[in-house]
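**Q** Okay, so the sequence shown: first residue is 1 according to our numbering, each after it adds one.
The set of hints was computed from the structure by calculation and includes no laboratory data. Ideal Cβ positions, reconstructed from N, Cα and C, are used throughout, including at glycine. Heads up, some of the hints might be wrong.
[Stated by the list, open to error] What follows is a list of derived Cβ distance ranges for each label pair:
| # | residue 1 | residue 2 | range |
| --- | --- | --- | --- |
| 1 | D121 | G25 | 26 to 34 angstroms |
| 2 | V125 | G57 | 13 to 21 angstroms |
| 3 | K19 | H122 | 35 to 43 angstroms |
[To be verified] Below, a list of computed lysine-lysine pairs in the DSBU-like style, where the Cα atoms sit at most 30 angstroms apart:
| # | residue 1 | residue 2 |
| --- | --- | --- |
| 4 | K87 | K70 |
| 5 | K91 | K67 |
| 6 | K70 | K91 |
| 7 | K87 | K67 |
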Amino acid sequence: MKIRRMKRLESVSRRDFLKNSALAGAAFAMPSIVPASVFGANAPSERITFGCVGVGGQGSGNMNSFKGNKVSEVLAVCDVDFAHREKAREKVGLSSESSYVDFRELVARDDIDAVSVGTPDHWHVPVSIAAVRSG
Numbered sequence: 001m002k003i004r005r006m007k008r009l010e011s012v013s014r015r016d017f018l019k020n021s022a023l024a025g026a027a028f029a030m031p032s033i034v035p036a037s038v039f040g041a042n043a044p045s046e047r048i049t050f051g052c053v054g055v056g057g058q059g060s061g062n063m064n065s066f067k068g069n070k071v072s073e074v075l076a077v078c079d080v081d082f083a084h085r086e087k088a089r090e091k092v093g094l095s096s097e098s099s100y101v102d103f104r105e106l107v108a109r110d111d112i113d114a115v116s117v118g119t120p121d122h123w124h125v126p127v128s129i130a131a132v133r134s135g
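Input sequences plus hints: build the corresponding full structure.
**A** Shown next as structure tokens:
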């Protein structure tokens, strides 16, 4: 049996470097992309409950994707524009008690797991900080 020596790589092509980097990145990202329930862990709840702040335009599209998904549920909507708020509330089938003008009331709810922020840019930070602080 003859022992062969491995060739030493003098240089790595850009294509190979990018391919290997992407594979390594995907391997490290996999645990955050694939739900733990795939690996046998119990999910904390059957569905992720959402509160949607800003439900006109982009926010309405976000809300529709949560509403039409079997693993999520929209429990509350919030918008300063009455027409947007009412249209979203009716589309999701919520009572008027689950419709808010002030986002702080929505993020204070204990039954909401996540908050979608579809507001104008200058409101993203205040709403997001309030949501994070509320837990």
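**Q** Against each hint, give a clear statement of whether it holds in the structure.
**A** Results of checking the hints against the structure:
1. D121 / G25: 26 to 34 angstroms: The hint (26 to 34 angstroms, Cβ to Cβ) holds, given that D121 and G25 are roughly 29 angstroms apart.
2. V125 / G57: 13 to 21 angstroms: holds, 19 angstroms
3. K19 / H122: 35 to 43 angstroms: holds, 41 angstroms
4. K87 / K70: Holds, at about 22 angstroms.
5. K91 / K67: With Cα atoms ~9 angstroms apart, K91 and K67 stay inside 30 angstroms; holds.
6. K70 / K91: holds, 16 angstroms
7. K87 / K67: holds, 14 angstroms
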